[in-house]
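Q: Each chain, letter by letter, is given below.
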Amino acid sequence: MTKKLEDLFKEELNVINIGLESFAENLKNEGFNAIQVDYKPPAGGDKEMIKLLDKIDRISDKIEKANKEAVKRIQKSEPVLVDVQTAKDALPNFEGKMILHAAPPEKWEDMSGPMQGAAIGACIYEGWAEDEESARKMLDVGEVTFDPAHHHNAVGPMTGIVSPSMPVWVVENKTYGNKAFTTLNEGLGKVLRFGANGPEVIERLKWMEKVLGPALGAALRKTDGGINLKNITSQALHMGDEVHNRNKAATSLFIREITPYLLETDYSNKDIKEIIKFMGGNEHFYLNLSMPASKATMDAASGVEYSTVLTAMARNGVHFGIRISGLGDKWFVGDAQKVDGLYFPGYTEEDACLDLGDSTISETAAVGGFAMAAAPAIVGFVGGTVADSIRFTKDMYEITIAENENFTIPPLNFRGTPTGIDLTKIIETQILPAINTGIAHKEPGIGQIGAGLVDPPEECFKKAIRAFAQKYTK
Amino acid sequence: MAKKALVKEGTYFDSVTLMSISKDVKALDGVREATIIMGTDSNKEILKSADLLVPEAEAAKANDLIIVIDGEEEILDKAIEDTNKMLAEKKSTSDQEQEYNPGSLDGAINAQPDSNLVIISVPGEYAAREARKALNRGLHVMLFSDNVSVEDEIALKELAVEKDLLLMGPDCGTAIVNGAPLAFANVVSRGPVGIVAASGTGAQAVSSLVDRQGVGLTQVIGTGGRDLKSKVKGIEMIKDMKALAKDENTEIIVLVSKPPAEEVSKKIMEEVKKIDKPVIVNFLGGDPSVVEGTDAIWADTLEDAALKAAAFIKGEGEVNSAGLTEEEVAEIAKEETSKMSKDQKYLRGLYTGGTLCSEAVILLTEEFGEMYSNAPLKDELALKEDLKSIKNTVIDLGEDEFTKGKPHPMIEPSLRNERMVQEAEDKKIAVVLLDVVLGYGSHMDPAGEVAKAIKEAKETVKTRGGYLSVIASVCGTEKDPQNLQAQEEKLRQVGAKVLPTNVQAVRVVSKILSDLN
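Residue numbers (my numbering), protein chains in the order written: chain S, 2 to 475; chain G, 1470 to 1986.
Think of the hints as simulated: they come from the structure by calculation, not from any bench.
Being a predicted model, the structure only gives us computed values, none of them experimental.
Don't be surprised by glycine CBs; every beta carbon is placed ideally from N, CA and C.
Hints are supplied without guarantee of correctness; some may be wrong.
[Claimed, not checked] So these bits of chain G aren't anywhere near chain S, every CB distance computed over 10 Å: (1) Met1507; (2) Leu1521; (3) Leu1545; (4) Asp1575; (5) Gln1688; (6) Asp1716; (7) Glu1720; (8) Lys1736; (9) Ile1766; (10) Asp1812; (11) Glu1839; (12) Lys1921.
[What the hints assert, rightly or not] Result set (BS3-like, lysine-lysine): computed pairs, CA atoms no more than 30 Å apart in a straight line: (13) S:Lys5 x G:Lys1743; (14) S:Lys207 x S:Lys249; (15) S:Lys48 x G:Lys1517; (16) S:Lys443 x S:Lys339; (17) G:Lys1473 x S:Lys48; (18) G:Lys1632 x S:Lys73; (19) S:Lys464 x G:Lys1477; (20) G:Lys1711 x G:Lys1735; (21) S:Lys56 x G:Lys1853; (22) G:Lys1715 x S:Lys5; (23) S:Lys48 x G:Lys1873; (24) G:Lys1530 x G:Lys1473; (25) G:Lys1517 x S:Lys4; (26) G:Lys1492 x S:Lys29; (27) G:Lys1530 x S:Lys56; (28) S:Lys5 x G:Lys1727; (29) S:Lys5 x G:Lys1517; (30) G:Lys1698 x G:Lys1853; (31) S:Lys98 x S:Lys211; (32) G:Lys1853 x G:Lys1727; (33) G:Lys1513 x S:Lys52; (34) S:Lys464 x G:Lys1530; (35) G:Lys1472 x G:Lys1554; (36) S:Lys48 x G:Lys1513; (37) S:Lys463 x G:Lys1513; (38) G:Lys1783 x S:Lys11; (39) S:Lys29 x S:Lys52; (40) G:Lys1736 x S:Lys48.
Make a model of the complete structure from these sequences and hints.
A: Pasting the structure below:
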């Protein structure tokens, strides 16, 4: 039924007011419904961007259809944890002396301090080098190939370093059949993902390779088709997690799920006790599960022609990169930004590495910063108020296409989290995706020194929209 | 004297707020000039012409806020600090009022899914985009913004026809939809009269007068001033009157406009023929013969249009004619002229409402032939560039040449007040004719504001042994937030003669002018 103009005269009037606030106030005064828009000039008045947006707007029908498809794939994805395997066996095209790192691509000599530290640690861990000096030498001469984990269906937190012998979680998207991989979380403090590479780090990695990984793999193989991560994440959002910077509830839920199966394995009580203690002692253990769940979800949504949905955001401590569904695997890159946050005692902004890690895959998959309103506890940690956390999430509805069918937020009356980040809306509103993140020390091996909020660089979105306009408009 | 600037990156305020803060800052001791403005290119041009475009301001971007203050060197830092405080107060009060406002049209649709109409009053360069988006999302549009190109207007209106949606504007100041006053509009009862108007104050005058007759309105739809020009071809007016023709609650339709382009006029009248409801046509100052061959009823003035519509609904005898008898007019004129000295000769009309001004210019030109104006009937009667009054002059203070960078005098009355006080210095001035427009959008006490100037102007003329006659009319209703009666009383208290309508005020002024000659 198409509406006629005169039908308006029989409806209740509900006004949107863009501009002078008094017009909305006057209507409310007279008892009419009116909502005020906090107007800002489109694209901040950037004439080039406005022109591109207008050009793109002419194919808005096609884009809308494509975005609907991409969002459908996000909503329907069913990431299930099925196994733990060795990276070199599980990951596609992972051969020889290769080290994977947080995207976007970066040359060894340009890498941030922690990433170099972690790469050195990986060389020692793999037995390719004896010590830091010999590792540096082989890396300097290019003996080891570097590649972003993203290029091998994997993601990693912070430096994101994956070397061939490391155990990885295998997450399968049951709806679309694709897989995603992430290493197991090592815990806080001196750990490889923050660039530490001392003997205790290597020793822990070896234990993970020999005991933790195989035991969890054995347990998973005892389950009936794996553990549904989407379910755990949805529950955790109702328990104060947003599964990027707070994983307390999800980690506990995961331990509850896996323990009976662990007990079914042939591992000794001593080993199982150690494993449960290790998982329980690390509040971020689930981060390395929420990440491949997000990756498996977003990979299913990539490659939809005409879609402007972001399928990845990632930072490597030097650069920040994004991928767009309709633009395939290409990275659009800008400079990594400083994190605006709180520091652990004894550290200051001076000590901080720039924004780092693949973990922003969470936000592209409608959790993390986008579910901030579900996790009031960490808003305090990142220096805000509860009201801020709600505003945070509400702002994200401005740049997303849909509301999540599975992840809901209690304080917002169980509204679905903002889902499907739309590149054109970011350019239009200049609202950048909200990211909360840990802060790594800029020197390798020191670890996390704080946490906070960070804005992606505008430049990468501008580059992407230029490329989109070039590909799809005349 | 020195200048100081501060650029606040990524800080947005709407221009009305900024203008009101600019005014407060200008009032600070030692400040000569203060401008607080967004850093768009066109705003930078304004700063340049005011000699305020210091390098920091020049570097600002479109979404940066620029504060530039020119004044005594020692007070500049304090003035910038005070400005910041005023801006912060404005932000915090608006924070309290509203917990969360969406930042875009789509966000607003999410928050209020049954939205059906969008009012757009953003800077002209962005307004067409927002309007296009709203139409594409199936929403009716009132486009208050001006500075929208005629090409964009045509494209938007064609899109609105395709989607069967309202596209009121651009530069549409007044509408009442389903009883809701949109932008500049009076509070009127609901009833059987529907109006389609190409002029804002025209719509306000007719709707207020209809209401004052105890008859209500279904809809008051604005088309924007260019709709009936030859380029736009009346797209909006034709569509809207058809919709009113189909609306079961509308019994009579009133069309209000300046005379359309000839071919547009023909087209409109062709459409009028097809409507089986009575149509009153008020093409102010136009040729009554356009209604020949149709069933339409011609109305000479805004008042005439309102009274004819009311008479159709209530029956001829039931309408309270706003008109004064010839005797009553003569009596007021005599009372006023008797107190004047013999060199007092001329009229100075000072209007805030554009259509009320044209109505006066048309009627007075008919009577006297020579009536100067910034919006004259003939080119040779135009004011010079300095905008100084010549002999008998009637000015529309809402025109661009007066409002550039300033709020419209309906919102901010000081523009007219200054002009009145200055006109009173002219020894030949005899009578001031003015309008006061009430309703939402307008100043909250326009009569109280202009009363200050009336008092001062009358005093000036009295001091030199003369008497300044002030003849006024108030456009509005008793339901308006300012209240019609209270506003009229404020004018009477300072010695103004208050007539029930603009037409009646013009009649009194005509009599005074002829008595004086």
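Q: Decide, hint by hint, whether the structure agrees.
A: Taking the hints in turn, this is what the structure says about them:
Consistency note on methionine 1507 of chain G: stated as away from chain S, yet its beta-carbon is not over 10 Å from all of that chain's, at 8 Å minimum. Every CB of chain S is more than 10 Å from the CB of leucine 1521 of chain G (nearest about 20 Å), matching its label as outside the interface. Residue placement check: leucine 1545 of chain G keeps its beta carbon more than 10 Å from all beta carbons of chain S (closest about 28 Å). Not every beta carbon of chain S lies more than 10 Å from that of aspartate 1575 of chain G, the smallest distance being close to 7 Å; the non-interface claim is violated.
Look at glutamine 1688 of chain G: its CB is around 6 Å from the nearest CB on chain S, not clear of 10 Å, so calling it non-interface is violated. With a minimum CB-CB distance of about 5 Å to chain S, aspartate 1716 of chain G fails to clear the 10 Å threshold, and the non-interface call is violated. Annotated as non-interface, glutamate 1720 of chain G keeps its C-beta farther than 10 Å from every C-beta of chain S; the closest such distance is 13 Å. Every beta carbon of chain S lies more than 10 Å from that of lysine 1736 of chain G, the smallest distance being close to 19 Å; the non-interface claim holds.
With a closest Cβ-Cβ approach of about 23 Å to chain S, isoleucine 1766 of chain G is found to remain outside the 10 Å limit, as its non-interface label requires. Even its closest Cβ contact with chain S, about 45 Å, leaves aspartate 1812 of chain G beyond 10 Å, as expected for a residue assigned away from the interface. With a cut of 10 Å on Cβ distances, glutamate 1839 of chain G stays outside the contact zone with chain S, its closest approach being about 39 Å. A cut-off of 10 Å between C-beta atoms confirms that lysine 1921 of chain G is not in contact with chain S; the least separation is 23 Å.
With a CA separation close to 19 Å, the supplied pair lysine 5 of chain S and lysine 1743 of chain G stays within the 30 Å bound. Annotation: proposed proximity of lysine 207 of chain S to lysine 249 of chain S holds, straight-line Cα distance about 25 Å (limit 30 Å). For the hint linking lysine 48 of chain S to lysine 1517 of chain G, the alpha-carbon distance of about 21 Å falls within 30 Å, and the restraint holds. Only pairs whose Cα atoms come within 30 Å are accepted, and lysine 443 of chain S paired with lysine 339 of chain S is accepted, the gap being roughly 11 Å.
Of the pairs offered as hints, the one joining lysine 1473 of chain G and lysine 48 of chain S holds, with about 28 Å between alpha carbons and a cut-off of 30 Å not exceeded. With a C-alpha separation of about 28 Å, the suggested pair lysine 1632 of chain G and lysine 73 of chain S falls inside the 30 Å cut-off, and the hint holds. As the CA atoms of lysine 464 of chain S and lysine 1477 of chain G are separated by approximately 26 Å, the hinted pair is consistent with the 30 Å bound. Distance hint between lysine 1711 of chain G and lysine 1735 of chain G is fulfilled; the C-alpha atoms sit about 16 Å from each other, no more than 30 Å.
Under the criterion of a C-alpha separation no larger than 30 Å, the hint pairing lysine 56 of chain S with lysine 1853 of chain G is inconsistent with the structure, at around 45 Å. The hinted pair formed by lysine 1715 of chain G and lysine 5 of chain S meets the criterion: a straight-line CA distance of about 10 Å does not exceed 30 Å. With a C-alpha separation of about 24 Å, the suggested pair lysine 48 of chain S and lysine 1873 of chain G falls inside the 30 Å cut-off, and the hint holds. For the given pair, lysine 1530 of chain G sits about 18 Å from lysine 1473 of chain G by alpha-carbon distance, which is consistent with the 30 Å threshold.
Distance restraint check for lysine 1517 of chain G and lysine 4 of chain S: the Cα-Cα separation of roughly 49 Å exceeds the 30 Å cut-off, and the hinted pair is therefore not satisfied. At most 30 Å may separate the alpha-carbon atoms for a hinted pair to count; lysine 1492 of chain G and lysine 29 of chain S meet this at roughly 27 Å. Pair hint lysine 1530 of chain G plus lysine 56 of chain S holds up; C-alpha atoms about 23 Å apart against a cutoff of 30 Å. Distance check on the hinted pair: lysine 5 of chain S and lysine 1727 of chain G sit about 28 Å apart at the alpha-carbon level, within 30 Å; holds.
Of the pairs offered as hints, the one joining lysine 5 of chain S and lysine 1517 of chain G is violated, with about 48 Å between alpha carbons and a cut-off of 30 Å exceeded. The straight-line distance between the Cα atoms of lysine 1698 of chain G and lysine 1853 of chain G is roughly 26 Å, inside the 30 Å bound, and the hint therefore holds. At roughly 20 Å between alpha-carbon atoms, lysine 98 of chain S and lysine 211 of chain S fall within 30 Å of each other, so this suggested pair holds. The suggested pairing of lysine 1853 of chain G with lysine 1727 of chain G holds, with an alpha-carbon distance near 24 Å, which does not exceed 30 Å.
Between lysine 1513 of chain G and lysine 52 of chain S, the direct Cα distance comes to roughly 21 Å. Compliance with the 30 Å bound is thereby established for this hinted pair. At roughly 20 Å between alpha-carbon atoms, lysine 464 of chain S and lysine 1530 of chain G fall within 30 Å of each other, so this suggested pair holds. A threshold of 30 Å between alpha carbons decides the hint, and for lysine 1472 of chain G with lysine 1554 of chain G the separation of about 19 Å falls inside it, so the pair holds. For the proposed pair lysine 48 of chain S and lysine 1513 of chain G, the alpha carbon gap of about 16 Å is at most 30 Å, so the pair holds.
Between lysine 463 of chain S and lysine 1513 of chain G the alpha-carbon distance is near 25 Å, which keeps this suggested pair within the 30 Å criterion. Taken as a hint, the lysine 1783 of chain G and lysine 11 of chain S pair is honoured in the structure, with Cα atoms around 24 Å apart against an allowance of 30 Å. The hinted pair formed by lysine 29 of chain S and lysine 52 of chain S fails the criterion: a straight-line CA distance of about 36 Å is larger than 30 Å. Distance hint between lysine 1736 of chain G and lysine 48 of chain S is unfulfilled; the C-alpha atoms sit about 39 Å from each other, more than 30 Å.
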